[in-house]
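J.: Just need the whole structure built from these sequences, with the hints factored in.
Here the protein sequences come in this chain order: F and D. Take the first sequence: its letters are residues 1 to 401, numbered as in my numbering. Take the second sequence: its letters are residues 1 to 401, numbered as in my numbering.
If you are wondering where the hints come from, they were derived from the structure by calculation, not from laboratory data. If you're wondering where the values come from, they're calculated on a predicted model, not measured in any experiment. Each residue gets a CB set at the ideal place from its N, CA and C atoms; glycine is no exception. Only true hints are included.
Taking lysine to any residue pairs in the SDA-like style, the calculated list, with each CA pair at most 25 Å apart, reads:
#1 D/Lys294 with D/Arg43
#2 D/Lys398 with F/Ile97
#3 D/Lys357 with F/His31
#4 D/Lys8 with F/Gln180
#5 F/Lys102 with F/Arg244
#6 D/Lys8 with F/Leu184
#7 D/Lys242 with F/Asp176
#8 F/Lys187 with F/Gln209
#9 D/Lys398 with F/Pro191
#10 D/Lys9 with F/Asp176
#11 F/Lys36 with F/Asn48
#12 D/Lys9 with F/Leu192
#13 F/Lys157 with D/Asn397
#14 F/Lys187 with D/Ile10
#15 D/Lys242 with D/Asp285
#16 D/Lys259 with D/Gly269
#17 F/Lys36 with D/Asn363
#18 D/Lys8 with F/Asp176
#19 F/Lys8 with F/Lys84
#20 F/Lys157 with F/Thr175
#21 D/Lys17 with F/His31
#22 D/Lys398 with F/Gln370
#23 F/Lys188 with D/His6
#24 D/Lys398 with D/His6
#25 D/Lys8 with F/Gly183
#26 F/Lys36 with D/Arg49
#27 D/Lys9 with F/Ile234
#28 F/Lys36 with F/Asn295
#29 D/Lys357 with D/Pro45
#30 F/Lys36 with D/Arg52
#31 F/Lys17 with F/Ser324
#32 D/Lys242 with F/Thr175
#33 F/Lys259 with F/Arg230
#34 F/Lys187 with F/Glu150
#35 F/Lys294 with F/Pro320
Examples of chain D residues lying across from chain F (beta carbon under 8 Å, computed):
#36 Met1
#37 Ile2
#38 Arg360
#39 Gly376
#40 Gly378
There are 2 protein chains.
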Amino acid sequence: MIEFEHMKKISRTSPSKIVFLILDGVGGLPHPETAKTELESARKPNLNRIARDSLCGLIDPISPGITPGSAPGHLAIFGYDPIKYSIGRGIVEALGIDLELKPDDIAARGNFCTVDDRGIITDRRAGRLSTDENVQLCRLLNDIAIDGAEISVLPVKEHRFVLILRGEALSPELTDSDPQQAGLVPKKVEPLSPQAQRTAEIVNNFISQASIQLQNEPSANMVLLRGFSRYPDIPSIPEIYKLRAAAIATYPMYRGLAKVVGMQMLPSGESITEQLNSLHHYYADYDFFFIHFKNTDARGEDGNFRAKVQAIEELDDALPSLLSLDPEVLVITGDHSTPATLAMHSWHPVPFMLRSKWCRSDNVTEFSEQACLAGGMGRFPATEIMPLAMANALKLNKFGA
Amino acid sequence: MIEFEHMKKISRTSPSKIVFLILDGVGGLPHPETAKTELESARKPNLNRIARDSLCGLIDPISPGITPGSAPGHLAIFGYDPIKYSIGRGIVEALGIDLELKPDDIAARGNFCTVDDRGIITDRRAGRLSTDENVQLCRLLNDIAIDGAEISVLPVKEHRFVLILRGEALSPELTDSDPQQAGLVPKKVEPLSPQAQRTAEIVNNFISQASIQLQNEPSANMVLLRGFSRYPDIPSIPEIYKLRAAAIATYPMYRGLAKVVGMQMLPSGESITEQLNSLHHYYADYDFFFIHFKNTDARGEDGNFRAKVQAIEELDDALPSLLSLDPEVLVITGDHSTPATLAMHSWHPVPFMLRSKWCRSDNVTEFSEQACLAGGMGRFPATEIMPLAMANALKLNKFGA
Numbered sequence: 001m002i003e004f005e006h007m008k009k010i011s012r013t014s015p016s017k018i019v020f021l022i023l024d025g026v027g028g029l030p031h032p033e034t035a036k037t038e039l040e041s042a043r044k045p046n047l048n049r050i051a052r053d054s055l056c057g058l059i060d061p062i063s064p065g066i067t068p069g070s071a072p073g074h075l076a077i078f079g080y081d082p083i084k085y086s087i088g089r090g091i092v093e094a095l096g097i098d099l100e101l102k103p104d105d106i107a108a109r110g111n112f113c114t115v116d117d118r119g120i121i122t123d124r125r126a127g128r129l130s131t132d133e134n135v136q137l138c139r140l141l142n143d144i145a146i147d148g149a150e151i152s153v154l155p156v157k158e159h160r161f162v163l164i165l166r167g168e169a170l171s172p173e174l175t176d177s178d179p180q181q182a183g184l185v186p187k188k189v190e191p192l193s194p195q196a197q198r199t200a201e202i203v204n205n206f207i208s209q210a211s212i213q214l215q216n217e218p219s220a221n222m223v224l225l226r227g228f229s230r231y232p233d234i235p236s237i238p239e240i241y242k243l244r245a246a247a248i249a250t251y252p253m254y255r256g257l258a259k260v261v262g263m264q265m266l267p268s269g270e271s272i273t274e275q276l277n278s279l280h281h282y283y284a285d286y287d288f289f290f291i292h293f294k295n296t297d298a299r300g301e302d303g304n305f306r307a308k309v310q311a312i313e314e315l316d317d318a319l320p321s322l323l324s325l326d327p328e329v330l331v332i333t334g335d336h337s338t339p340a341t342l343a344m345h346s347w348h349p350v351p352f353m354l355r356s357k358w359c360r361s362d363n364v365t366e367f368s369e370q371a372c373l374a375g376g377m378g379r380f381p382a383t384e385i386m387p388l389a390m391a392n393a394l395k396l397n398k399f400g401a
Numbered sequence: 001m002i003e004f005e006h007m008k009k010i011s012r013t014s015p016s017k018i019v020f021l022i023l024d025g026v027g028g029l030p031h032p033e034t035a036k037t038e039l040e041s042a043r044k045p046n047l048n049r050i051a052r053d054s055l056c057g058l059i060d061p062i063s064p065g066i067t068p069g070s071a072p073g074h075l076a077i078f079g080y081d082p083i084k085y086s087i088g089r090g091i092v093e094a095l096g097i098d099l100e101l102k103p104d105d106i107a108a109r110g111n112f113c114t115v116d117d118r119g120i121i122t123d124r125r126a127g128r129l130s131t132d133e134n135v136q137l138c139r140l141l142n143d144i145a146i147d148g149a150e151i152s153v154l155p156v157k158e159h160r161f162v163l164i165l166r167g168e169a170l171s172p173e174l175t176d177s178d179p180q181q182a183g184l185v186p187k188k189v190e191p192l193s194p195q196a197q198r199t200a201e202i203v204n205n206f207i208s209q210a211s212i213q214l215q216n217e218p219s220a221n222m223v224l225l226r227g228f229s230r231y232p233d234i235p236s237i238p239e240i241y242k243l244r245a246a247a248i249a250t251y252p253m254y255r256g257l258a259k260v261v262g263m264q265m266l267p268s269g270e271s272i273t274e275q276l277n278s279l280h281h282y283y284a285d286y287d288f289f290f291i292h293f294k295n296t297d298a299r300g301e302d303g304n305f306r307a308k309v310q311a312i313e314e315l316d317d318a319l320p321s322l323l324s325l326d327p328e329v330l331v332i333t334g335d336h337s338t339p340a341t342l343a344m345h346s347w348h349p350v351p352f353m354l355r356s357k358w359c360r361s362d363n364v365t366e367f368s369e370q371a372c373l374a375g376g377m378g379r380f381p382a383t384e385i386m387p388l389a390m391a392n393a394l395k396l397n398k399f400g401a
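T.: What follows is the structure, given as structure tokens:
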């Protein structure tokens, strides 16, 4: 991948439009009975038609064998080396609920959880309590006061919240309290550097007080914290690519991520049809659009093969609205695979296609794992997508004399 | 390739088993009469059956065009950047004969060779003299005493020995005396840094005395030294991957290499059948097994196409014993190519296959150079094998939030 310093020099503005349609977790594995993946099982005439006109391939978001979290998976697609530009989970969560963070603020991702009378975690998500209950409980925790830091506890969805610490000389270099599995007790937060000693004490103090505040709750009687982090210093998409970039994403985390890389948030309803309506509405105002489709991942994580196939078909049905805009560059891919048979994110490479007038299309006629392997890009790192998209939009000058 | 610091964070233990069967030098080139490679010529129903269920590809142990020595070829397969983690030939040889080395000891690989009356090398291996003769000659050389270093000369197999220097302020920064081809005189050992000046003098003194001790030998009348080195500081496989790793290798060098990366040596007879018996015997005790099959390389280096084909068939015949264990992850590949037509290690990429329940197999139905090129991994660096194997064994957590 070419370095940002070079990209900044060769990128240029132009009237062409680039649309990235990211089908979260779209890659899959064969169903044991049919030997076909979710994509191979779906009726998807529009995706296949686009594949026929596209340059196809299979992307590795990080590298072979490595299962991406959602943040690194998307960062790679947006052109950022996902190892170098890591964004703390706390920050991603905070951005997703439109928090205005100061540079020194420290954010952590919180879970309400259930512990038994010995303090052992029995449910890391407190039965996925309702967002309404979450709001009530956060109000309770916001009463906690600790010397040396201003504390805010903000609800996200279901069992998720964000903890923000604001104050002098705090440090995010802390271990998680969340042991990431039930059957264990929450861990004490430890400083990873001497400067973080005082912050660790503040956080452990907060956890103790929260435990007391929540002790009479039926399920959400404890908190788990992870991903202590500050707002990252990351070069933005407008700065690197000279793009006016916008995101149409309904889930908090993806909105947060898009903000970190300098995209504007566009209002939209939750369905893909409403997302594409938003694209139509704002089409003239931006050069680059990131549309995030969540259902493929959600149904894959549910382990529901049939429902993931339906999510793909639902997406395919909505595509004519997107195609009617005929963007100069259309990229369709995913941030990682989520095979329904595994019911989790996986390491498998993800089908990719890029359609443009100048893409030099290949012989691929289907948008699927096997078919895309034979595409013109073969198997390649996801960080190459942005340069490819820019080139096909004729937004890059040549490199060197 | 993901860095070890990240791999350490995401690796986890699990009951699944990973087996690496390394067919030394298995890659080949077409026979001029049949236009088929050694693999394409061999009757190998088991290898082909495994290929059908596997993710296939072609590995570059180092990078295109670069012919790997045995040490870097194996290091790459074990996940080590073979440029960054270079292990001196002397150390590998010393470890292979179970020498206990101190951190400051310097080891060199030695050959007994034949020189004519002008001192010109006529046979770099002294007619591959017998190991018994070698033992006698090493005893002779052990009588050599030089101020400033304790000298040990230890027999390996046939014409090979190890020279160990122990003492204060020695340095391994020395050139080889072995010119690596017949028709030349042995080279003087030169220091590569000022601190190595004294060690160079000690070694040149040793060579002079050895030449006098050996002058009346009919064939082994001189020594050649190369690969001066110290024990490397290399992160171990147990440390990086949390694997209990074991090696079933009968040749000294491969045993030495396996020890350097933290594998336990398992006792075994020399045949592949006996090696697989050892695998059965110790199967419960380890998570990761490295089985080294030497004959493919040995017959390739002999330039004996037919014998290399037979070695592949011998290996294939033994495979049912391995398959009966049904390891969660089975990797079959080689550390480099050794085409019989070239009769030496070569730079050609090596067929690779990985079988697991989660591998997303491709359309490859034969284990061969051409067939594997169309596999799901395409052509890729060998250092990606370990992350892939770990992922398929479900021994990796996801990377990032």
